[in-house]
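Protein chains in written order, with my numbering: chain A, 1 to 398; chain B, 1001 to 1119; chain C, 2001 to 2161; chain D, 3001 to 3162; chain E, 4001 to 4644; chain F, 5001 to 5354; chain G, 6001 to 6100.
By construction, these hints were calculated from the structure, which means they are not laboratory data.
Since the structure is predicted, the reported quantities are computational estimates derived from the model, not experimental observations.
Ideal Cβ placement from N, Cα and C applies to all residues, glycine included.
Hints may be right or wrong, so weigh each one.
Only part of the chain B face toward chain D is listed, based on derived beta-carbon distances under 10 Å [claimed, not checked]: (1) F1017; (2) M1025; (3) W1028; (4) V1029; (5) G1030; (6) D1071; (7) F1076; (8) Y1078; (9) V1082; (10) A1104; (11) Y1108.
In silico PhoX-like cross-links for lysine-lysine, where the CA-CA straight-line distance does not exceed 25 Å [claimed, not checked]: (12) K1032(B) to K5332(F); (13) K240(A) to K2084(C); (14) K5108(F) to K4168(E).
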Amino acid sequence: MAVTLEKIPGQEERVILSMGPQHPSTHGVLRLVLELDGETVIRSLFDIGYLHTGFEKSFEDKTYSQGITLTDRMDYLAPLSNNLAYCLAIEKLLELEIPPKAQWARVLLTELTRVGSHLVWLGTHAIDIGAMSMFLYCFREREEILRIFEMVSGQRMMTSYFRVGGLALEPPLGWLDRVKKIVDRFPERVDEYEALLTKNPIWLRRTQGVGTISAEDAIAVGLSGPSLRGSGVDWDLRKKQPYSSYDKFNFNVPTRPEGDVYARYLVRVAEIRESLKIVRQAMEGMPEGPIKANAPHIVLPDRESMKTSIEALIYHFKIVTEGFHPPVGEVYQAIESPRGELGIYMVSDGSPKPFRCHVRAPSFANLQGLAKMMEGRLIADAVACIGSIDVVLGEIDR
Amino acid sequence: MESGYLTILIYIGAVVFLSAAILGMSAWVGVKRPTREKLSPYECGIQPVGDARERFSISFYLVGMLFILFDVEAVFLYPWAVVYKELKWFGFTEMLLYILILLAGYVYIWKKGALDWSR
Amino acid sequence: MSVDLENHAALKKLRAFDPDAVEDVQAFRGELTLFIRSTKLRRAAEFLRDDPELSFDFLADLTAVDHYPNEPRFEAVYHLLSIKTAQRLRLKVRLPGDDPRVESMLPVWPAANAYEREVFDLFGIQFENHPFLRRILLPEDWEGHPLRKDYPVQGNITRWP
Amino acid sequence: MVPVFYIFAALTIIAALSVILQRTPVYSALSLIVVLCSLAVLYVSLGAKFLAVIQVIVYAGAIMVLFVLVIMLLNAGRERHTEGSRLARWLGVPLLAAFLVEILSVIWNGLSSGAVAPPAPDAGPAAVGALLFRHYVLPFEVTSILILVAILGAVVLAKKQL
Amino acid sequence: MEILLLLVLLPPLIGAGLNGIFGRRFSQAMVSAIGCGSAGLSMVSALASAWAFSHHERVFDHPYFTWIQAGDFVAKYALYYDRLTLVMTVTVTVVAFLIHLYSRGYMEHEGGYYRFFAQLNLFLFMMLTLVTAGNYPLMFVGWEGVGLCSYLLIGFYFPKKSASDAGKKAFVVTRVGDVGFTLAVALIFWTFGTVNFSEVFSRVDALEIGSHQTVLTAIGLLLFLGAVGKSAQLPLYVWLPDAMEGPTPVSALIHAATMVTAGVYLVARSNVIYAHAPQALEVVAIVGCLTAFYAATLALVQNDLKRMLAYSTISQLGYMFLGCGAGVFAAGIFHLMTHACFKALLFLCAGSVMHALAGELDMRKMGGLRHKMPTTYWTFLIATLAISGVPFLAGFFSKDEILAGAYEGPTGQPWLYWLGTITAGLTALYMFRALYLTFHGESRLTPELEHHAHESASKMTVPLTILAFFSVVAGYVSWPKAWGGTEQFDKYLAPVFGRSEQVLTLEAAHRPEGLSPGALLTFSIVAAGLGILIAFWFYLKSTHIPARLAERLSGLYRVMVRKYYVDEFYDWLIVHPLRDGSDKFLWRVMDAGAIDDAGVNGMARAAEGVGSILRRIQSGNVRSYAAWVLLGAVIWLAYLMFGH
Amino acid sequence: MALSSDTLFLLGVAVVKVVVVLLVLLTAIAYIVWLERKLVAHIQSRWGPYRVGPYGLMQPMADGLKFLFKEDIVPLEVDRFVYWLAPFLSFTLAMLTFAVIPFGGSFKLFGHEIYLQIADLNVGLLYIFAVTSLGVYSIALAGWSSNSKYPLFGGLRSSAQMISYELSLGLAVVGTLMISGSLSLRDIVNSQTGTWHLAGTNTFLPHWNIFVQPVGFIVYFIAAIAETNRIPFDLPEGETELVGGYHTEYSSFKFAMFFMAEYANMVTVSCIATLLFFGGWHGPVFGPAWLHVLLPVFWFALKVFCFLFFYIWTRGTLPRFRYDQLMAFGWKFLLPVALLNILATSFVVAWIGT
Amino acid sequence: MVPLSHYIALSAILFVIGAAGFIFRRNIITVFMCIELMLNAVNLAFMAFSRFRGNLDGQLFVFFVIVVAAAEAAVGLALIISLYRSRDTLAIDELDSMKL
């Protein structure tokens, strides 16, 4: 935080420009320190921590279940993905199987999250490059997705809907109809976005060949998610290390070989379409059954049984007041969040609170690719580059 | 002086008065609660580093210079265009020659890279 | 999930490469953890990255765990991933409580840059030969390393004389 | 008409003085722009409307823009006091005064106000154009070469620094 | 005829336009079809018009439309066609067409294919404008046009610094000559009140011999200054060797066959003026002869094949001027024509070699190519024989006519002849040196090149063969008098030059009689033979001799290799002072400019006076300068006011 | 100068014209802002302003008042005088251009022919160019005086952009000048009266210059968008890169003046486009005498409105160029095209003339 | 009608002001601007004479002076820039050794 670039001796003519934290196109409170020769970026350095909240410390003082609410606030554009990663990590620790309906619902909702997150990215990325209408179109559509979230969890953004062992609540009746509406209408909306941008010559000029990063470099600096796939690496955890029964769904992993801003744009837009495919499959194939695993000492009982069964009441009391005791051990659970590999490293010492919980935030890693992308480009390209790796500062600073 | 020019002088006077009045008014009416942070130059919320009036790329000068020279050309074109119907082919060749000579310079600066900003 | 992790290719190869490097092995929930001697870390890392069969070219994560008050107090944790084989591997290096330092993995995985800064910032572990080892999340003038277990959660209490 | 001349003559002189008295080059440049514009008004009063506009377009709108740009580029601040020419310091003022007096007396003697102005010639763009493109063709073409040379020279000089 | 001439002129223009504007989109085949097609069309029209016109003695002079009208100054778009034009158009179009054909192969793998053809076509158009123009201003347009195209084409490989520098050099140096041309045109207008060829010539003709000599001499010299620039004569030749940075077909077309001969054409076209200005003509002859000799010596030590050819071109151009200057214009034009054939051929062969050797041009690194590239070798041999003046080939006839003219022409002088003959020997020497170094002897190629070397494609060799054919036969249009010929070519051009030669002969009636024509002829043959023999001896037999010679005469050799230090001299004379003193200079000029513009009479002179004092004071302080200037102005004004 | 009643009358007319034009102009600018917000909102499927007054019609007033009462922050270390001068210049110059724009025909009042125009100069078009050419200063000086990096960048960029496109702008109209043979805007419009005659028959195509100068028009219009710093050429302001460009450090009404100047310039260039290429106020005229006066004004306003609409439309649709691309576009494409257009036009005109 | 002499007097005053600036100012750019001032003084004289002689030639001179001034400014400022870059000063008194 608050680092500076020292001028290289002999190059005093170069200007050191601080971009951010209060800058419209750094997507939050990211600060870049640029060394400019004229308008060309020679070196760059990112400076973060303006949103640092110490979540990793907080986890250690909360029970496993309480921790879920913190995860919402990390990648605030994809809260359900964070929930999922966190719950999956604990479930792995506990070796807990969750029922298919919960799995399907989780897939459906995280994919909707992905779409919503990509929409925000598309809108802000476009407005960075000056296409302001795009932003509002994207937010209009995102609104509908947020309504679904609100419907199932009562919250638009800080959902905390996934719980260890399943879902928090039974989704309301008719929610799938709403989902269907979105899924039916969406492809043509995506066409609309593409009509505005994909072949627009100005857009092409601003993005093609800009912020190029090779596959080797991308892997070396730890890029993941669409940013990595934009460099031609076919890597998607949903395919390669399936979790939450993603292996039962049929979808493609779009990649582009160019590695420039445009490639990442195309990959994300294609991902929106793929996610919609998954949502449709999840919606149509949604199995019937319970939404929680049958593990009474871990999963909270539903209200009905709590009121009728003394056992349930005791479990409830134990879980709420003390929490559950996972075995001693450590796991690393990664999922494919909209931004890339979101990993939770959970160390348990047998107590009801995590001994250590570390979040491998995709944006944090992706940020490291930025310097490479911007080197030798103009300031205006820097803006396009930042937009193209789609960072969320909440997740970076944690 | 023709009446047209006098009218324009009146108009100029009116506009100048209007702008001055607006500016004066806003300075007079607007609240003033200055603080040190408010009055510091914008640098994305960070303490400014170095003097803002640093030197900038020479390309700006080049553009200004090219502008002057082509502006002169343009200035010749206006009277030429106005009397063009009387000059006909003579005017055409005259200007063709003129433009071609300038075009040589134009091509030169193009090749020289003076028009490239993304070096 | 009781895969025979003792015969994991990475472990076998690494042992063959340098019998001294692996201090200890752990397997839990299908995840293999290798404890590497801190002096051997660089060589082992390069081997794991460059071996064509293993090719752990992707440093997915780097963090640390504080086992205060046990000794050795710190563990630096490296999560490796191979894009080619889709295998994961966890490396751990045990570090002492007083003056914990370990070699920077920046030359092996450039991605380590920011992670190491973060671990330095929050745990106070020194990464040797890191070119720009400064605080990353906290202000430059912050005192202490918050993720250490002995860091007062309420903040530093000022003692009056 | 008559007052217009005196008003703008006064403005011209004040602005011109400001050009040489201001310590900051930007202010000098701004004053010079004022001089140029008020001269344009005087040109109009002399019937030269076309030239007045050209004066503003080229002189005030292009040449001075370059000046301002260069001042901004070089970040030319206040000038420092340097040891200059002794000759200029001691002889400058008397010389200038003598020069002015001489010229004014020449004007006084030579150009008595008896000269009656003939009717103003039509100095619109068409008239100027006709004259320019019929009788001054050669100078016109030569300017193109001049400009060409200027372009080459300036680009060479400026590019050398890149 | 009106239409036919336009048909000669317009196709290249249209071709240039099409290729220039749409070329980027066209395929290579399309571009070359347009490029070669338009050149071919132009050639056919030129041949047709030549055929239609060939028997006329009169001049075809047709104004198409008025082009410039400023006061009395009227210039029309007029075409002028007589036998001289006929020869020129035919030569230009034929050579150009062949080079277009050749370029298809040569430029195949280069970038900017369309750009090249567009510029080549544009050049052709400009060249044709130059030779068919009916007045000086129009000719000047063509003159500048070819200059521009030459500049563009030299700089064709503009990313290469040396190429763009060469382009600039050509541009700047020829500009000096153009000033002369411009002034000459102004002077012509001032003197005769017109710039039309027909009118100017008839008015000159109407003058009495000897009257207006000064003015005419001035005009002649100024025109020649233009010619010197364009035709790369002493001292403005420096740009031509550097111009070899351009693609080889360009060197062949522009810098050997056509554009550089524009100066010769200009002098020949203005023969009527020169007829009345024999002093000017003498200058032409002397400069030409000296250039011929000088450039030949330089060609002797060049190792770069194309540069060697460039110096050779300069030398041959010198011959042409020698011919014109000696008053035998027809001989000059004759040499122009033959030279166009064999020099274009030489360059194209060089291009072919270059093509085969991946751009290698250093003759020291070649050798033994004879077997690898037979066609190129044979055509090169023919051209070499032709240029060396070996009997019964084109160059022999034309060169001998010039040499004979130099001796016995109206303004010829014996020493010119002797120098010219020595030059002829040198020509044979350096040409055969090149031939031997390149094609004979041991191969000195690097292994990769050795492997790469191959005969060029038929696209390139066919034009070579055709040009070789012309190089052999072109001379037969004029069988030398010494061998009982009638010099038909002279006769044919008599309507153009006859009158001038007559005037000149009248003026210089007292020519000394000396050697017989036969003897003159023999000497030149002997010179050529000697040259060839020495070359054979030095470069095939005892190859160590040249090196030893160079060692022995190292001073001279170094001077020659460094081109007599002319480039350095120019650097010292022009470039350096400009660079060093531009600051001082600018301020002076600005001082002076400001004062000058003050329009107060005498001010400038005052400034000058003050300036001379300043030179002694030289504080270097601008403000002091200004104060001094002001002091001068005050004193001067005071003098004006009170002095009377 | 004796003040005859005639002179007084004309003077009165002049004053009335000045007042009316200023009032109409200021209102127009205010409502273009409203129009833009409304239109862009609809393009983006939003409502736009709708709270203040019906359809948000009072929004401009509210905005104006807000600006007036906002705190006027003058940062430390700015160059005070120039800092004030810049918005003043910007606004004044933007308004000055209207002095020569004719917005209708003429009518007779008390025996005087009264033209709907403040002044008809025979160098009218050049007057406009002269005034706009001074506009560069306001921007350059605003950037310079703010003593901050972002504004300085914005100011330099903006000045460079403006002067670059000013060239193309100036050259694009030469074709029309050649056709009309005058620089007076009224003459230019009058040369576009009637309809085209093709092969002797009267077509319904109005005799507008756009049909003979399409290239000129396109170049003009692109350059005009750039000249007014609008999307896709709004680089200098480009919020996402340079925050606010040269007016980053401006607040309160000084900021509003830049803002208003931008819109005034939009109106100006739209007016000129209408006058030069679209026949000015010409259009079908019918009805009683007063309609003969008012209808042309209506046509004129309508045409100008169309341009403004187009402006706003592009704003809602296109992304932004990068700076080097923008400069390259201006210098390497627009300028040569404008020159070629001139040459081609002159060729044709000369051809027809002979 | 304002008499000719007044215009010329104005021109003379402007010229002298320009000359004064030239002599007394130290900043090379300001000095350059003073030269422009002098040029303009001359232009005004041209213009006035043109008007009082009833022909347009004076105006054309002004036209050409403006054009020349444009070229001069372009080159002059380029020189100033390169001077500044090599010497890092704009003070005219320090630019006395005439080498770039």
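* Are there hints from earlier that the structure breaks, and if so, what are their numbers? -> When the structure is compared with the hints, numbers 1, 2, 3, 4, 5, 12, 14 turn out to be violated.
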